[in-house]
Amino acid sequence: MRLKYNTKLILWAYIFLFPSLVSLGIVILYPILDAFYISFFRWNLLSFEKSFIGLKNYEGLFQDSIFKKALINTLYFSVISVPVTLFIALIIALMLNSLSTGIKNTLRTIYFIPVITSIVAVSFVWRWMFEPSYGPINHILGFLGIHGIGWLSDTKWALPAIMIVNIWRNIGFYMVIFLASLQMIPKEFLEAALIDGATSYKRFIYVVLPLLNPTVVFCLAISIIDALQIFTQVYVMTSGSGGIVPGGPLYSTTTIALYIYKIAFRDLEMGYATSVAFVLFLLIFIFTLIQIKFTERPFEY
Amino acid sequence: MGYILKVFKIAILSVGILIMLLPFFWMISSSFKPLSEVILIPPTWIPHNPTLGNFIYIFTQMDIFRYLFNSFIVAFISVSSILFTSVLGGYAFAKYNFPGRTVLFYTILSTLMVPFQVRVIPLYMLIFKAKLLDTYFGLALPGLADAFGIFLMRQFMMGIPDDLINAARIDGYSEPAILLRIVLPLSKPAVSTLTIFTFMWNWESFLWPLVVTNSESKYTLPIGLARFAGKYLQRIDLQMAASVVSIIPVLIVFLIFQKHFIEGITLTGMKG
Chain W
1 MRLKYNTKLI LWAYIFLFPS LVSLGIVILY PILDAFYISF FRWNLLSFEK SFIGLKNYEG
61 LFQDSIFKKA LINTLYFSVI SVPVTLFIAL IIALMLNSLS TGIKNTLRTI YFIPVITSIV
121 AVSFVWRWMF EPSYGPINHI LGFLGIHGIG WLSDTKWALP AIMIVNIWRN IGFYMVIFLA
181 SLQMIPKEFL EAALIDGATS YKRFIYVVLP LLNPTVVFCL AISIIDALQI FTQVYVMTSG
241 SGGIVPGGPL YSTTTIALYI YKIAFRDLEM GYATSVAFVL FLLIFIFTLI QIKFTERPFE
301 Y
Chain D
1 MGYILKVFKI AILSVGILIM LLPFFWMISS SFKPLSEVIL IPPTWIPHNP TLGNFIYIFT
61 QMDIFRYLFN SFIVAFISVS SILFTSVLGG YAFAKYNFPG RTVLFYTILS TLMVPFQVRV
121 IPLYMLIFKA KLLDTYFGLA LPGLADAFGI FLMRQFMMGI PDDLINAARI DGYSEPAILL
181 RIVLPLSKPA VSTLTIFTFM WNWESFLWPL VVTNSESKYT LPIGLARFAG KYLQRIDLQM
241 AASVVSIIPV LIVFLIFQKH FIEGITLTGM KG
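Top line first, the protein sequences correspond to chains W and D.
The first sequence runs 1 to 301 under the UniProt record's numbering.
The second sequence runs 1 to 272 under the UniProt record's numbering.
Derived from the structure by calculation, the hints contain no laboratory data.
Since the structure is predicted, the reported quantities are computational estimates derived from the model, not experimental observations.
Some hints here could point you the wrong way.
[Claimed, not checked] Capping the alpha-carbon separation at 25 Å, the derived lysine-lysine pairs in PhoX-like fashion look like this: (1) D:131 with W:262; (2) W:68 with W:262; (3) D:131 with W:50; (4) D:6 with W:187; (5) W:262 with D:129; (6) W:202 with D:6; (7) D:129 with W:104; (8) D:259 with W:104; (9) W:262 with D:231; (10) W:187 with D:259.
[Unchecked claim] Short, incomplete list of chain W residues facing chain D, as computed with Cβ under 7 Å: (11) 144; (12) 147; (13) 148; (14) 155; (15) 260; (16) 265; (17) 288.
[Stated by the list, open to error] Now the in silico label distances, taken between C-beta atoms and shown as ranges: (18) W:186 with D:132: 51 to 61 Å; (19) W:59 with D:19: 42 to 52 Å; (20) W:199 with D:171: 51 to 61 Å; (21) W:102 with D:130: 49 to 59 Å; (22) W:18 with D:160: 17 to 27 Å; (23) D:185 with W:6: 38 to 48 Å; (24) W:199 with D:106: 44 to 54 Å; (25) W:206 with D:50: 36 to 46 Å; (26) W:289 with D:171: 42 to 52 Å; (27) W:66 with D:233: 21 to 31 Å; (28) W:187 with D:52: 52 to 62 Å; (29) W:32 with D:80: 19 to 29 Å; (30) D:34 with W:206: 53 to 63 Å; (31) W:66 with D:80: 32 to 42 Å.
From the three backbone atoms N, C-alpha and C, an ideal C-beta is built for every residue, glycine too.
Please put together the full structure from these sequences, using the hints given.
Here it is, written out as structure tokens:
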């Protein structure tokens, strides 16, 4: 059905939209277009040199070994931390859902606390908890017979250490979303499954999980987009003394977002930095398309 | 069988709680220790020689109230701007039919896919050329508009019955009056969600204040904390005390408004 336009109402719609359009134009649209333009230039802020070089910045990415490292680190980080976070969040939500309201709400609040605490502050706390010799984590692992992990000083363990912090901080957020959608599943569905004699395992696989599907897809999408942009935790946990660029040791924790920061605000190569930023956009774009594809066939209650 | 399962469940949840709280426990414990005890092997869980020295040092050497104030001002500017533009814009998209509506809406929505890293350089150049580095306006600029807010308000307001709005029109309400007196009061849950989210994003914002602030007087809390730790690189005792002080204000706000926080997240989860 196509409604007929009403001139007076159209005018009001544009008046209401005006503040949004102006502010979005300045803060969102203009910078995106300008960034795209800049990405075709060699532009160093120090030398004031700004010359058009076409696709050279993008071509340069293929020869840049640090960029490759950053890309791999970012994907590695996302591929591990996203599923682990969501899996743990789902398990905790399922467990909490079967408890009585009072305990449930108290535990939910406790699990949620890391979500609201300052990323910078908790990153410092974890940084020192991971300290290999006097930090508490290796102390506790010692009781389990695990010794000598160098964590942030070890190229193999530095990124996993940051993953652990990220997982720890985000579990509560996704748990709250899962818990809310679990509480929305109609009781009759579960009862019907009980009457059919479904065991609790089967009930979960065939009744709860399909009903939870849209929520899982939603959480997957936002957590991947979030993970691909990981910056603050890495910056804080790996920054050293005297202006050393974070992301070490030996670029083992350099993510794409961190690399963009390094090129743009330490090397002052604005053109090249924006071309890397567009690669980050491309990654997010691909994951969003996948998500849209999955949600196109929504599950009907 | 059911009993064993229950014990197992409680055991897992307790271990989980322990892991969630351990960093806070260690942070608070270390903040009351002298440095010599923080680096003791094996680590002590309860300070043997508790001291307030770290906190006294923090409050005299670090302008933490200044950073808190700056963070609050920047978040306040951003929240005000985003609430104002999103309520108006979201309402227009939800309840008016006008040429270009679909194209405009999807254009705005698609900008959500573009990461901040793409925009940061042009925005930086803008602030740099306008000589607005190290100002509140410069700090707040990227937070003045956000497609998410428009999307959230639109989704929520679409659920408000058209009949209500048409009835008000017949009663002679002007269009702004309908929004202000009928739609807005019904949209409180979405408004409070947007407030909380925008506030939290601003409060945690790191990259932008990192690049546009040079003087200590304009540091936001995350930047102040990071710079302080950079200056006292090995002073774990001081860093932990500073972390405690910076976590407390938001923790208090959260514990007071936790119902709204959790409902807010649920709302976006459902509307997504």
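Exercise. Which hints from the list above does the structure break, by number from lowest to highest?
Worked result: 7, 11, 12, 13, 14, 23, 25
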